[in-house]
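*Asks:* Take the given structure of chain A and dock chain B to it, following the hints.
Below, each chain spelled out in residue letters.
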Amino acid sequence: MTKAPTLPRVLPGFGLSLGFTLTYLSLVVLIPLAAVFIRASSLSLAAFWDAVTAPRVLASYQLSFGMALLAAAINTVFGLLLAWSLVRYRFPGKKLVDALVDLPFALPTAVAGIALTALYAGNGWLGQYLEPLGIKVAFGPLGVLVALVFIGLPFVVRTVQPVLEDLETELEEAATSLGAHRWQTFRHVILPVLQPALMTGFALAFARAVGEYGSVIFIAGNIPMVSEITPLMIISKLEQYDYAGATAIASVMLVASFLLLLAINGLQAWQARRNGRSE
Amino acid sequence: MAAITANLYAQHDRAALLESRQATREARWVKYTILGTALTFFAIFLLLPLAVVFAEALAKGWHTYLDALVEPDALSAVKLTLLAAVISVPLNLVFGVAAAWAITRFDFRGKQLLITLIDLPFSVSPVVAGLIYVLVFSSHGWIGPWLLEHDIKVIFAVPGIVLATVFVTVPFVARELIPLLQAQGREEEEAAVVLGARGWQVFWHVTLPNVRWALLYGVILSNARAMGEFGAVSVVSGHIRGETNTLPLHVEILYNEYQFAAAFAVASLLALLALVTLAVKSWIEWRAAQAHD
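Quick mapping for you: the protein sequence lines, in order, are chains A and B.
Numbers 1 to 279, taken from the numbering used here, label the letters of the first sequence in order.
Numbers 1 to 293, taken from the numbering used here, label the letters of the second sequence in order.
Only chain A is shown next, with the shape it has when bound in the complex (with noise of 0.2 Å):
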């Protein structure tokens, strides 16, 4: 960060509004989650040790992850896709997908778990296709899957979307003009530039994915050691006034957030760097 030139402040309000601000985040959010490492301490090693590495919790790790990690993958292609589509191409009705494209943010969670199960079951509009082949997605991980692919879309869509609105044509044009075909301007000149951007959704939605519970526990069955989430492992320690199992594996799961917050943080100064390069 550049120091900035101390300037007398001409603007007012600042002990205000910083003081409102330290006081209101350290009450509402800091504060509470000092209290899980807290909690978390005052456990000895064996017992944290023994909590966070217990076989159904090392399963539901395994599960939460991967699947999350599969469907940031999954979003990163069909997300870069529907950007393109959305930015490149004209066709009916592209408002009205433009629009929708946010409906997993605006969607209460329960409601999209509860929407996804009813597809995806034995007698669904889905289900009853899938189930024939032997596709069996609703109660199993790859009900897990589903409902983390539909949370993350946005996410890649709308980190892709505006980088590809401003990059500039004149460089496909010299491609083109240089005898480069349309897949080779595509490979070396458009996706390098799209590259953070890609980065940042996929890891935006991969924390999403991670951490998300209401879409997720309708639609998995949670079946021990093959289909429960991590999240739901904390659950399932509270109702059983394990308190201290329960901040146990949230303090992984808050650690796992922060790392990744970092480097979504990281992320997002490289792409704002390339971009200011690029112009």
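Since the hints were made in silico from the structure, they are not lab data.
These numbers come from a predicted model, not from an experiment.
Ideal placement from N, C-alpha and C gives every residue a C-beta, glycine not left out.
Check before you lean on any hint, since a few could be wrong.
[As the list claims (entries may be wrong)] Now the in silico label distances, taken between C-beta atoms and shown as ranges:
{"#": "1", "chain 1": "A", "residue 1": "N265", "chain 2": "B", "residue 2": "E188", "range": "27 to 35 Å"}
{"#": "2", "chain 1": "B", "residue 1": "V94", "chain 2": "A", "residue 2": "F258", "range": "20 to 28 Å"}
{"#": "3", "chain 1": "B", "residue 1": "S20", "chain 2": "A", "residue 2": "F37", "range": "55 to 63 Å"}
{"#": "4", "chain 1": "B", "residue 1": "Q259", "chain 2": "A", "residue 2": "G15", "range": "32 to 40 Å"}
{"#": "5", "chain 1": "B", "residue 1": "V276", "chain 2": "A", "residue 2": "K94", "range": "31 to 39 Å"}
*Replies:* Relative to the frame of chain A, chain B by itself:
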């Protein structure tokens, strides 16, 4: 964000231009493959889930549908949902404005860290968001014993639901305002001060008119999240019917009792809320684009 979206809308007609140029055009079959794949994906993952909500809600006819909406437990869930939104949205509106003012109008150390901390509630799992309040306020929690002595219930009661809702909606307004205020710079406000305007006058007459669309944008997004939050609220609620049930929790209870038509009827209310939110959002983007041109 608002600035970006305004820009985005102004450029909407660029698609026509890009399609007409040799250098920015794909072969026909490539174009239709991309478009076909993207729209099929869109239809399967976004349109079908939306459609199935309304189809299932009306599967047993209008009578069942309306009955599910007017029964007392549903009405009390509506009330609690509205209460949580009415408290959390204005609180976070004030917070967002104060935070954006401090961050974009002054230079101080640790600004970047503060911006990251404001975003924190977005990256914390909703379940963890609920858990942290349980750790502070429940009878085993930090101030639980004190609350018990004074007969104040926070967890498994309405205050806990409001707190959890406040937590998950903290960043919305701030994150819309910060980039916009940053882009607009301080000159207009500084000029107003030099011309003799007082603090609040500067805010009401110079800053606010410039950011009103972004402000509204943040408000409707945080409202949608406040009314639809499930995970965090579920942890602190205790699921007491008619007392600590919000609409999403009511949907869950009905669904788990195999009252599917009723569950989807209540869910359709929330889906309508989502559609209204998206419509208002598109309208704001359109207005912002108009103001931009």
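*Asks:* Looking at the structure, which of the earlier hints fail to hold?
*Replies:* Per hint list: 4, 5 violated.
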